[in-house]
Amino acid sequence: MEELTRQDAERILERNHLGRLACYSPSHDTSYLVPVSYAYHDASIHVAMLPGRKLDFLREHPQGVCFEVDEIANDETWLSVIATGDFAEMGGPERAARC
Amino acid sequence: MRDLSKAEIEALLRHCKIGRIGVFDQRHQRTYVVPVSYQFRDGAAYLHSAPGLKLDLLHEQPAGVCFQIDDIADEGEWRSLIAWGRFEEISDLDERMRVLRLFGDRLTRGPLRDRNQGGRAGMLGAGETVYRVVLDEMTGRADESGWLGTESD
Chain A
0 MEELTRQDAE
10 RILERNHLGR
20 LACYSPSHDT
30 SYLVPVSYAY
40 HDASIHVAML
50 PGRKLDFLRE
60 HPQGVCFEVD
70 EIANDETWLS
80 VIATGDFAEM
90 GGPERAARC
Chain B
0 MRDLSKAEIE
10 ALLRHCKIGR
20 IGVFDQRHQR
30 TYVVPVSYQF
40 RDGAAYLHSA
50 PGLKLDLLHE
60 QPAGVCFQID
70 DIADEGEWRS
80 LIAWGRFEEI
90 SDLDERMRVL
100 RLFGDRLTRG
110 PLRDRNQGGR
120 AGMLGAGETV
130 YRVVLDEMTG
140 RADESGWLGT
150 ESD
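As you go down the protein sequences, you meet chains A and B in turn. Residue numbers for the first sequence follow numbering that gives the first Met the number 0, so the first one is 0 and each next one is one higher. Residue numbers for the second sequence follow numbering that gives the first Met the number 0, so the first one is 0 and each next one is one higher.
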């Protein structure tokens, strides 16, 4: 097992389009972890989502959102990237351009 | 999109071999997700891990662990399950061995083999924490509308 460089991690984020997003709700004291389709640009993950638990949790606790992407061939051959960031909603022309 | 039945949920849990565990890190106020190999038996996901952040967080906050699996062909053809459960470490030696044997090949290949060869001969998976996440609440969804179905939404 070895650590990936930041550059390797970014390349893996760029070439994948399915990741797992985890958020947390302090009021429910619950984590929520779901697969999402995403696009990676400018050190950010861009995701489109409908109203629901995921969006409620992200709005309640926008900090410390975890995003995970992996390429797993088998137990011996795998790559995994774990990233942490803050949630922000997008509006205006940026919204249409990114998702 | 539709909800999975209880039987479909069990079938998906048996079908998948890799899931993701999500835990909340209170100290840093952030979530942590990692892919894990698991085996499903009797309402629980059985796992083993080497010491690290994931185990530290599971020990710190054993309740409300999120466990997620999916089988995704494309955006319009997928099955996904989200479960919440509690972390329970398995320390009884016989039970540990029973759990490790569920992983079959992993005992002679891959991460466990590497650790076995690290001078701890005589005890398979020594240094690994063996545990289960008892799945208390589960929700499963599926979409079979196909790729074009989502494109036209």
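Worth flagging that the hints you see were computed from the coordinates, not collected in a lab. We put the CB at the ideal spot given by N, CA and C, even for glycine. There's no promise every hint is true.
To be verified - Straight-line alpha carbon distances no greater than 30 Å define the calculated DSSO-like cross-link-like pairs of lysine-lysine that follow: (1) A:LYS53 x B:LYS16; (2) A:LYS53 x B:LYS5; (3) A:LYS53 x B:LYS53.
To be verified - From the derived model, a few chain A residues whose C-beta atoms are all more than 10 Å from chain B: (4) THR4; (5) ARG5; (6) ARG10; (7) LEU17; (8) ARG19; (9) ASP28; (10) PRO34; (11) TYR39; (12) ARG58; (13) GLN62; (14) ILE81; (15) MET89.
Checked hints:
For the hint linking A:LYS53 to B:LYS16, the alpha-carbon distance of about 25 Å falls within 30 Å, and the restraint holds. Restraint check for A:LYS53 and B:LYS5: satisfied, since their Cα atoms lie roughly 23 Å apart, inside the 30 Å limit. Note on A:LYS53 and B:LYS53: the hinted pairing holds, with a Cα-Cα distance of about 22 Å set against a maximum of 30 Å. Distance check on A:THR4: its Cβ is at least 19 Å (rounded) from any Cβ of chain B, clearing the 10 Å threshold; non-interface status holds.
A:ARG5, annotated as away from the interface, keeps every beta carbon of chain B farther than 10 Å; the closest lies near 19 Å. Once the 10 Å rule is applied to beta carbons, A:ARG10 is consistent with being away from chain B; the minimum gap is 18 Å. Its closest Cβ contact with chain B, about 6 Å, brings A:LEU17 to no more than 10 Å, contrary to its assignment away from the interface. A Cβ of chain B approaches the Cβ of A:ARG19 within 10 Å, the least distance being about 5 Å, so the stated non-interface status is violated.
Look at A:ASP28: its CB is around 6 Å from the nearest CB on chain B, not clear of 10 Å, so calling it non-interface is violated. For A:PRO34, the non-interface assignment is contradicted: its Cβ lies about 5 Å from the closest Cβ of chain B, within the 10 Å cut-off. Annotated as non-interface, A:TYR39 keeps its C-beta farther than 10 Å from every C-beta of chain B; the closest such distance is 16 Å. Listed as outside the interface, A:ARG58 is consistent with that label: its C-beta sits roughly 15 Å from the nearest C-beta of chain B, beyond the 10 Å cut-off.
A cut-off of 10 Å between C-beta atoms contradicts the statement that A:GLN62 is not in contact with chain B; the least separation is 6 Å. The claim that A:ILE81 lies off the interface is violated: its Cβ sits roughly 7 Å from the closest Cβ of chain B, which falls inside the 10 Å cut-off. Listed as a non-interface residue, A:MET89 keeps its Cβ farther than 10 Å from every Cβ of chain B; the least gap is roughly 19 Å.
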